[in-house]
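Model the placement of chain G on the given structure of chain A, informed by the hints.
Number of protein chains: 2
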Amino acid sequence: MPNSEPASLLELFNSIATQGELVRSLKAGNASKDEIDSAVKMLVSLKMSYKAAAGEDYKADCPPGNPAPTSNHGPDATEAEEDFVDPWTVQTSSAKGIDYDKLIVRFGSSKIDKELINRIERATGQRPHHFLRRGIFFSHRDMNQVLDAYENKKPFYLYTGRGPSSEAMHVGHLIPFIFTKWLQDVFNVPLVIQMTDDEKYLWKDLTLDQAYSYAVENAKDIIACGFDINKTFIFSDLDYMGMSSGFYKNVVKIQKHVTFNQVKGIFGFTDSDCIGKISFPAIQAAPSFSNSFPQIFRDRTDIQCLIPCAIDQDPYFRMTRDVAPRIGYPKPALLHSTFFPALQGAQTKMSASDPNSSIFLTDTAKQIKTKDDDKLEQIRKDYTSGAMLTGELKKALIEVLQPLIAEHQARRKEVTDEIVKEFMTPRKLSFDFQ
Amino acid sequence: MPNSEPASLLELFNSIATQGELVRSLKAGNASKDEIDSAVKMLVSLKMSYKAAAGEDYKADCPPGNPAPTSNHGPDATEAEEDFVDPWTVQTSSAKGIDYDKLIVRFGSSKIDKELINRIERATGQRPHHFLRRGIFFSHRDMNQVLDAYENKKPFYLYTGRGPSSEAMHVGHLIPFIFTKWLQDVFNVPLVIQMTDDEKYLWKDLTLDQAYSYAVENAKDIIACGFDINKTFIFSDLDYMGMSSGFYKNVVKIQKHVTFNQVKGIFGFTDSDCIGKISFPAIQAAPSFSNSFPQIFRDRTDIQCLIPCAIDQDPYFRMTRDVAPRIGYPKPALLHSTFFPALQGAQTKMSASDPNSSIFLTDTAKQIKTKDDDKLEQIRKDYTSGAMLTGELKKALIEVLQPLIAEHQARRKEVTDEIVKEFMTPRKLSFDFQ
Numbered sequence: 224m225p226n227s228e229p230a231s232l233l234e235l236f237n238s239i240a241t242q243g244e245l246v247r248s249l250k251a252g253n254a255s256k257d258e259i260d261s262a263v264k265m266l267v268s269l270k271m272s273y274k275a276a277a278g279e280d281y282k283a284d285c286p287p288g289n290p291a292p293t294s295n296h297g298p299d300a301t302e303a304e305e306d307f308v309d310p311w312t313v314q315t316s317s318a319k320g321i322d323y324d325k326l327i328v329r330f331g332s333s334k335i336d337k338e339l340i341n342r343i344e345r346a347t348g349q350r351p352h353h354f355l356r357r358g359i360f361f362s363h364r365d366m367n368q369v370l371d372a373y374e375n376k377k378p379f380y381l382y383t384g385r386g387p388s389s390e391a392m393h394v395g396h397l398i399p400f401i402f403t404k405w406l407q408d409v410f411n412v413p414l415v416i417q418m419t420d421d422e423k424y425l426w427k428d429l430t431l432d433q434a435y436s437y438a439v440e441n442a443k444d445i446i447a448c449g450f451d452i453n454k455t456f457i458f459s460d461l462d463y464m465g466m467s468s469g470f471y472k473n474v475v476k477i478q479k480h481v482t483f484n485q486v487k488g489i490f491g492f493t494d495s496d497c498i499g500k501i502s503f504p505a506i507q508a509a510p511s512f513s514n515s516f517p518q519i520f521r522d523r524t525d526i527q528c529l530i531p532c533a534i535d536q537d538p539y540f541r542m543t544r545d546v547a548p549r550i551g552y553p554k555p556a557l558l559h560s561t562f563f564p565a566l567q568g569a570q571t572k573m574s575a576s577d578p579n580s581s582i583f584l585t586d587t588a589k590q591i592k593t594k595d596d597d598k599l600e601q602i603r604k605d606y607t608s609g610a611m612l613t614g615e616l617k618k619a620l621i622e623v624l625q626p627l628i629a630e631h632q633a634r635r636k637e638v639t640d641e642i643v644k645e646f647m648t649p650r651k652l653s654f655d656f657q
Numbered sequence: 224m225p226n227s228e229p230a231s232l233l234e235l236f237n238s239i240a241t242q243g244e245l246v247r248s249l250k251a252g253n254a255s256k257d258e259i260d261s262a263v264k265m266l267v268s269l270k271m272s273y274k275a276a277a278g279e280d281y282k283a284d285c286p287p288g289n290p291a292p293t294s295n296h297g298p299d300a301t302e303a304e305e306d307f308v309d310p311w312t313v314q315t316s317s318a319k320g321i322d323y324d325k326l327i328v329r330f331g332s333s334k335i336d337k338e339l340i341n342r343i344e345r346a347t348g349q350r351p352h353h354f355l356r357r358g359i360f361f362s363h364r365d366m367n368q369v370l371d372a373y374e375n376k377k378p379f380y381l382y383t384g385r386g387p388s389s390e391a392m393h394v395g396h397l398i399p400f401i402f403t404k405w406l407q408d409v410f411n412v413p414l415v416i417q418m419t420d421d422e423k424y425l426w427k428d429l430t431l432d433q434a435y436s437y438a439v440e441n442a443k444d445i446i447a448c449g450f451d452i453n454k455t456f457i458f459s460d461l462d463y464m465g466m467s468s469g470f471y472k473n474v475v476k477i478q479k480h481v482t483f484n485q486v487k488g489i490f491g492f493t494d495s496d497c498i499g500k501i502s503f504p505a506i507q508a509a510p511s512f513s514n515s516f517p518q519i520f521r522d523r524t525d526i527q528c529l530i531p532c533a534i535d536q537d538p539y540f541r542m543t544r545d546v547a548p549r550i551g552y553p554k555p556a557l558l559h560s561t562f563f564p565a566l567q568g569a570q571t572k573m574s575a576s577d578p579n580s581s582i583f584l585t586d587t588a589k590q591i592k593t594k595d596d597d598k599l600e601q602i603r604k605d606y607t608s609g610a611m612l613t614g615e616l617k618k619a620l621i622e623v624l625q626p627l628i629a630e631h632q633a634r635r636k637e638v639t640d641e642i643v644k645e646f647m648t649p650r651k652l653s654f655d656f657q
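Line by line, the protein sequences are chains A and G.
The opening residue of the first sequence carries number 224 in this note's numbering; numbering runs sequentially from there.
The opening residue of the second sequence carries number 224 in this note's numbering; numbering runs sequentially from there.
Next up, chain A with everything else stripped away, as it sits in the complex (with noise of 0.2 Å):
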């Protein structure tokens, strides 16, 4: 699979620890003389490659990249002046917010310009999404390659997801859903929707019931966003596991190609961590596969998947970006959404655990739309020259807000049990892959 993007620094790590591997056990099976240079030679080279992109050494225990915290999560005070962020945690000290700028230097990823904004533009023929218009949606992977495919009639498809941690969704959380409606709209592609219910009982103080639950109550929000039943599976992990014959063995394939020791580099944990945390990431990467839905793609393998998410949960993508050629499958695309601040400040995110960070209400694309680009500009000139107030900006985010939350609650009032159940059904989607 061609990588039209420079490798990141943990791939490189990675491609070295595998590669170390491989001269150990050439050396250790009497590999010929020949085969076992080579693979040593490969080897300095890829330790030349990081030191020129790191700048330090490559160590073997020392991965490099999003800095692991080494306790609760938290930012070292040494660190004060470094952003953190993982799928935990979101912190930085700076009034201002998150640097996303020095986020994609430091995660290898790539920026959203104008100019691939003007090729998604010519590719489907729509106006680009106001998310992209806006940079709330800043930083990709590979979505040139998804355009390539695309432009030659190759088929691709979407996934997304959510972590159920309570009832009740909050703004922040409907950003990825409301942009991922509009790729799939624009482009006319499946998708699935991930809920990691699992995730949530190994990490909250739940039972498998509640985490369940939630999925389900939280699956009522997402289609209240407007997907196409057609064209879309939602699913929860601790139900569709049970269900699916290519799910599991997917899981288990990448489980087999990730060490604790990546694990531990790329989330921070410990050795107190339980397995099931341990061994949880392999869960998230296997739907970036196609074949981990026969109903869908069937045994197809090669089909390439383009990932919306907020850019906290690129460490889980990274990890798959990695695995994904050893295993002999596609890397997913990304592109990766800002995160919504939280009502105390930009310098961590809503969270629905902190209840007092978030406005708990939802809506999708169809009103935000109608403002118009010109008028949020000169809201913010108003403001930053101080002829609007806090308050009279207050005032016009509460007359924006309420109407979304009257016609989200409205909208999701109508979703019954049964429209949830056929969205939660593996099944073909109405999408034909020869």
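Accuracy of the hints is not assured; some may be wrong.
No copy labels: a pair is met if it fits in one copy or bridges any two.
[As the list claims (entries may be wrong)] Here are the computed lysine-lysine pairs in the BS3-like style, where the Cα-Cα straight-line distance is at most 30 Å:
1) K282 <-> K427
2) K598 <-> K617
3) K250 <-> K427
4) K487 <-> K282
5) K487 <-> K427
6) K427 <-> K256
7) K264 <-> K427
8) K636 <-> K443
9) K618 <-> K598
10) K427 <-> K270
11) K443 <-> K454
12) K282 <-> K325
13) K319 <-> K618
14) K487 <-> K250
Keep in mind the hints are simulated off the structure, nothing from the lab.
Showing chain G alone in chain A's frame:
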């Protein structure tokens, strides 16, 4: 669930770890002083019991019992006097073989004594199997509890398994199956047989398809032992995980309650092991709980499980028994067999992975039963006194084995793909659980 035997050192160790976590969370969570005091009192008392039993203080990072070797699963040079037994390695420096009495003490299990054998005879009304009479099954956990339940007309079920590492099985592999068939016959209970093809994929250089095909081939040898198709369910993990509404849920439950520290202590895993190996013990544990098989037991969680297996599998079930009460399930009971000595001598066991160590022939109980205990005793006397020579002994063995092989092979030939498929289809068994 009452436990009729004293807690093993490992169970005590794990209880201390759990209690310590409880104390910490009470302190963090603003619990009342009384609550905290009482939890601390319990912790101190557990630590005192541990010191009394272990002869040394409890140390959080130093689990007791079967010492995990630091590398390659071989015994330490400094432990030349100790037998080493875990699921991957059986080794002793003594030419007499493993000291099974010592193993009982070290593992904290109970000896199968004359009294227990007599009780089995009374309960079933059948002459005890010669594997019991001759000490091939020599150790147990909670077998008296199973008999209590049986005498009170309460149901139980049998669970055993096989790691399909190659197409061929050897005589040693059949020991648990021959005995399990007898248990199924005399107690008239359902039986589940796990084929851990996922384990073999993770540990060996195999593809998923190879591992699965070995599971099916091995199932034929197992079926040829004569199991009742109406009371027996054989399953491949790779297959059944995607077919059961209960299996994965129990796997996740177990995975939430076992830390990496614990599996490191029990199985000797290291940071370089893949996350699949690290989480696998939960997959072997889950069939110990009846609601992993909703097609057989519906949602019943209280049906006790009895596991006949070779003693090297005990670490999995010590872990399972530690977790069971914490997730509200009964502890599985166990019956442990010795190993079949390798052809090179009694220092290690027959291993399918070492072709020189094993006789790759198989057979079931029928003809073995016809050799009566007195004749074996005569051979023992003659060979010990020198009246019988080694050549003659070998000749006698060959005369027993050759027809056994031939008969087994004949029965195996009769096992059609359709029969295997039926054994491996999740279905109701002919046994009524209210």
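Going down the list of hints, with the structure as the test:
| no. | hint | verdict |
| --- | --- | --- |
| 1 | K282 <-> K427 | between (34 Å within a copy, 28 Å between copies) |
| 2 | K598 <-> K617 | within (15 Å within a copy, 96 Å between copies) |
| 3 | K250 <-> K427 | between (45 Å within a copy, 18 Å between copies) |
| 4 | K487 <-> K282 | both (14 Å within a copy, 24 Å between copies) |
| 5 | K487 <-> K427 | both (20 Å within a copy, 24 Å between copies) |
| 6 | K427 <-> K256 | between (52 Å within a copy, 25 Å between copies) |
| 7 | K264 <-> K427 | between (47 Å within a copy, 27 Å between copies) |
| 8 | K636 <-> K443 | within (9 Å within a copy, 54 Å between copies) |
| 9 | K618 <-> K598 | within (15 Å within a copy, 98 Å between copies) |
| 10 | K427 <-> K270 | between (40 Å within a copy, 28 Å between copies) |
| 11 | K443 <-> K454 | within (16 Å within a copy, 42 Å between copies) |
| 12 | K282 <-> K325 | within (23 Å within a copy, 44 Å between copies) |
| 13 | K319 <-> K618 | within (22 Å within a copy, 87 Å between copies) |
| 14 | K487 <-> K250 | both (28 Å within a copy, 27 Å between copies) |
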